[in-house]
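From first to last, the protein sequence lines are chains A and B. Note that the working numbering has the first sequence beginning at 2, numbered continuously upward. Note that the working numbering has the second sequence beginning at 510, numbered continuously upward.
Warning: the hint list may mix true and false statements.
[To be verified] Label-pair distances were calculated between CB atoms; the ranges are:
# : chain 1 : residue 1 : chain 2 : residue 2 : range
1 : B       : Pro711    : A       : Arg346    : 57 to 65 Å
2 : A       : Trp138    : B       : Asp633    : 28 to 36 Å
3 : A       : Ser98     : B       : Pro702    : 45 to 53 Å
4 : B       : Pro755    : A       : Lys147    : 30 to 38 Å
5 : B       : Asp564    : A       : Lys147    : 27 to 35 Å
6 : A       : Pro60     : B       : Asp728    : 40 to 48 Å
7 : B       : Asp719    : A       : Ser350    : 52 to 60 Å
8 : B       : Glu579    : A       : Ser98     : 35 to 43 Å
9 : A       : Ser98     : B       : Asp598    : 31 to 39 Å
Since the hints were made in silico from the structure, they are not lab data. These numbers were taken from a predicted model, which means no experiment stands behind them. Note that CB positions come from ideal geometry on N, CA and C, so glycine has one too.
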Amino acid sequence: MSDKFDVAIVGAGPSGSAAALTLAKAGLSVVVFERGEFPGAKNMFGGVLYTSILNRLVPNFWEEAPLERHITKRRFGLFSEKAEAAFEFSCQDFNQSPPFNQSFSALRAQFDPWLAKKAEEAGALIIPETVVDDLLWNEGQVIGVKARREGGEIEANVVIAADGVNSFIAKKSGLRKDFNWNVLAVGAKEIIALPRETIEDRFSLEGDEGVAMEFFGDAVAGTVGAGFIYTNKESLSVGVACSINAFIDQKIVPNDLLERFKKHPSIRRLIRKGETLEYSGHMIPEGGFKQVPEVLTDGLLLVGDAAHLVNASFYHEGTNLAMASGLYAAETIIEAKEKGDFSRRGLESYRKKLEESFVLKDLQKYRNVEAWAHKNPKFFKAYPDLCLDLLKDYFTVSEKPKGTIQKEIVKKIRSNINPLRMLVEINKLRKTFFSS
Amino acid sequence: MNIAACIKQVPATESKIRPSTDGKDIDRTGLSYVVNPYDEFGVEEGLKIKEQLGDGSVTAISIGGEKVAEALRTCLAVGSDQAIHIQDDAIEGSDGHAIARILAAALKKSDYDIIFFGRQAIDDDSGAIGIHVADLMGLPHVAGINKLEIIPDEKRAVANRQIEGATEVIEISLPAIFTCQKGLNEPRYASLPGIMKAKQKPMTVLSLSDLEISADSVDSSKAKTTVIKIESPPARSAGIIIEGSPSEAVAELIRLLREEAKVL
C-alpha cells in the first residue's frame with residue numbers, strides 16, 4: 002500500500018461514510034478515521050431519516066439498511082401544564098411501497114455502522130478508535146492529517162472534515178470561529194423499549210408504519226425547542242432538544258427537562274411500562290444558513306454538522322443534508338482528481354453544488370428562524386398557554402350560556418393580546434417560515 | 510521461536526450484563542466486545558519475545574462467530590504475524606472441554622515452541638482452557654505467570670508466578686504452555702501503520718472438518734459440563750441516611766450498628 006491516500010476523511014458518520022462510499026466506488030483510495038469504538042458509537046439523533054440522497058448512494062437501500070419504521074404520520078402537539086392541543090397528519094400514500102415517503106425512523110448505532118460497512122466493501126479503509134488531532138500543512142495547503150497513534154501522520158490529496166458539530170478540524174483550519182450559545186441546541190434522548198404490539202396499539206399503527214411526534218410549549222418548559230417521540234420497531238426514541246441558551250436562562254439541565262417531559266400527562270401514558278435501554282445527549286448545530294462557515298480551503302472540505310448543515314425549522318433535517326454534502330464533496334474531489342488540482346480553485350465547485358441543491362437553498366429559506374425564535378419567546382410560552390387556556394374555556398361544560406362563554410373568551414384575548422402587535426408578529430412569523 | 514497466543518473475544522468490561530430470556534446465557538444484544546485483557550498479555554509477551562530474539566512469529570488464534578475476526582485483527586494490528594479463526598456453527602453451545610479439544614487440534618497443526626493463554630477470560634472466569642489444552646497436548650505448563658525468561662538455545666524457560674506471600678520461580682522445558690497474569694507486561698497500543706498493515710496480514714479460517722473433529726462430538730449434548738442457570742446478583746439494598754445533629758446522628762448510628770447490623 003502506498004503511504005499517501007487520495008482522500009482522508011475524519012469521522013465515519015453519515016457525511017463521512019457517504020463521501021467514502023462515493024469516492025471508493027470511483028476507485029479513489031480513501032481512509033476514514035473514526036474516534037468511536039465503531040462508526041455510530043458516538044452519534045445520536047431523535048430519529049427521522051430522510052432518504053432521498055441515501056437512495057442515490059445505495060440504490061434500493063430499503064432492502065438492506067437497518068431501518069425501523071416508515072413514517073406515515075406526523076403529529077405536532079402544543080402543551081400547557083395540563084392540556085394538549087394537537088395537529089396530526091397521516092396519509093396512506095405514504096404507506097404504499099418502499100421507499101414510501103423517503104422518511105424512516107432509524108437508530109444511528111445501527112445505521113451508521115451499516116453505511117460505513119458499505120464504504121468499506123467499496124474499498125475504503127475504515128480505522129475506528131482513532132482520534133485525529135491536527136492537519137498536516139504545506140505552504141498553506143492541507144496535505145494530510147495527524148492521528149493520535151504512533152506513526153499517525155497520513156498524507157492525502159484532500160482531507161474531508163466530517164467530525165461533527167464540534168469539528169476540531171474546522172476549528173484548527175481556521176474555517177470556523179467559536180460558536181455563541183444561540184446557534185447550538187442540546188438534545189437529550191432515551192430509547193425506551195416496549196413490545197411491538199404495544200407500540201402499534203398505543204400509536205395506532207399497522208405493521209411497520211411509524212409516527213413522528215413533536216411537542217412544543219410546556220413540553221420543554223416554554224423554551225425555544227421541542228420534545229419528540231419517534232416510534233421504532235420495538236422501542237421509542239423519546240427526547241427533548243432545546244437551544245443551549247434556553248437551558249442557561251431557565252437554569253435547567255437537559256436531563257431534568259427530559260424527565261419533566263416524560264411526566265407530562267400526554268407523554269407518560271405513551272411510554273408507560275417501557276424500559277429505558279439507553280440515554281444519550283448531543284449538541285445540534287441549529288444556527289442555520291448564517292452560521293455555515295466557509296466550507297473549503299486548499300486541500301480541505303467541511304461536510305455535515307462540521308459545516309453546520311442542519312435545517313432546524315419544521316423538518317429537523319440533518320442526516321440527509323450530511324449525506325448530501327458528503328456526496329457533493331466526493332463528486333467535487335473526483336472532478337478535482339481528473340484536473341489534478343486540489344487547491345481551493347480545484348475544489349471550488351463544492352460550494353456551488355451545495356448552493357444549487359436543497360442543502361443551502363433550504364437553509365437560506367429558513368435563515369431567519371433561529372433569530373426569530375430567540376426574539377419571540379412568547380410563541381414558546383405565553384401564546385401556547387393562552388391558546389390552551391382559551392380552548393379549555395371553550396370546551397368546559399357548564400350551565401353558562403354559550404354566548405357568554407364566547408364573549409368571555411374574546412375579552413380574555415383582548416386583555417392578553419394587542420391585536421396590532423399580534424398582526425405584526427404573525428407577519429414576521431409568516432416571513433420567517435414561508436417567504437423565500 | 511514459533512509462538513501462539515490463544516485469545517477470546519469477551520464483552521467489554523463496561524458492558525451492562527443481564528441474563529438472556531432462557532436464563533442460560535447472557536443477553537448479547539447491544540454488547541460491545543474486546544480482546545480478553547489477560548489474553549492481551551499473552552499476545553504482548555509473544556511480541557516481546559519475538560523482538561528480543563529478533564526472529565520468530567506470533568500467531569493469534571481464536572474460536573467464534575464472524576465478529577471474532579475483529580478481535581484477531583486487533584492482535585494483527587499490534588504486531589502478530591498471522592491469525593487463525595476457527596469458525597463453525599457446530600461450536601455454538603460447546604463446553605470448555607470441547608473448546609480445549611478444538612484448540613489443541615488447531616495448535617497441533619503447527620510446531621509451536623510457546624503457547625500463551627490468559628489466566629482466565631473475564632466473561633465466564635472459568636480459567637480452565639489453557640491448562641486443559643496442556644493436558645490434551647501432553648505439554649508442560651505454568652499457570653498465572655507474571656514474568657517469563659526464555660533461554661532459546663537450551664529450549665528452556667524460567668517463569669515466575671505469585672503465590673501466597675511469595676514468588677515461585679519455575680523452570681520448564683519448551684514447548685510449553687503459559688497462562689498469563691496481570692503484571693507480566695503492559696500491552697501496547699496499535700500504531701497507525703500497524704492497523705493499516707493488519708488488513709493485509711493472513712487470517713486463516715478453519716472449520717471443524719479442517720481440524721478433523723466431528724461436529725456432533727462438540728455438540729452441547731456431549732458436553733461434560735452444562736450451564737443450568739445464569740442469574741443477576743441480588744440487587745444491593747439502599748443505604749441509610751441518618752439525619753439530625755452530629756451527636757444525635759452518632760447515637761443513632763451506634764444503635765443501628767448494634768441492633769440492626771449487629772456488628773457491635
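A quick look at each hint next to the structure:
1. B:Pro711 / A:Arg346: 57 to 65 Å: 45 Å, violated
2. A:Trp138 / B:Asp633: 28 to 36 Å: For Trp138 of chain A and Asp633 of chain B the Cβ distance comes to about 51 Å; the hint is violated.
3. A:Ser98 / B:Pro702: 45 to 53 Å: 48 Å, holds
4. B:Pro755 / A:Lys147: 30 to 38 Å: The hinted range 30 to 38 Å is violated for Pro755 of chain B and Lys147 of chain A, with Cβ atoms some 56 Å apart.
5. B:Asp564 / A:Lys147: 27 to 35 Å: Since the Cβ atoms of Asp564 of chain B and Lys147 of chain A sit about 34 Å apart, the hinted range of 27 to 35 Å holds.
6. A:Pro60 / B:Asp728: 40 to 48 Å: 43 Å, holds
7. B:Asp719 / A:Ser350: 52 to 60 Å: 53 Å, holds
8. B:Glu579 / A:Ser98: 35 to 43 Å: 36 Å, holds
9. A:Ser98 / B:Asp598: 31 to 39 Å: 35 Å, holds
In the structure shown, a violation is registered for the earlier hints numbered 1, 2, 4, in ascending order.
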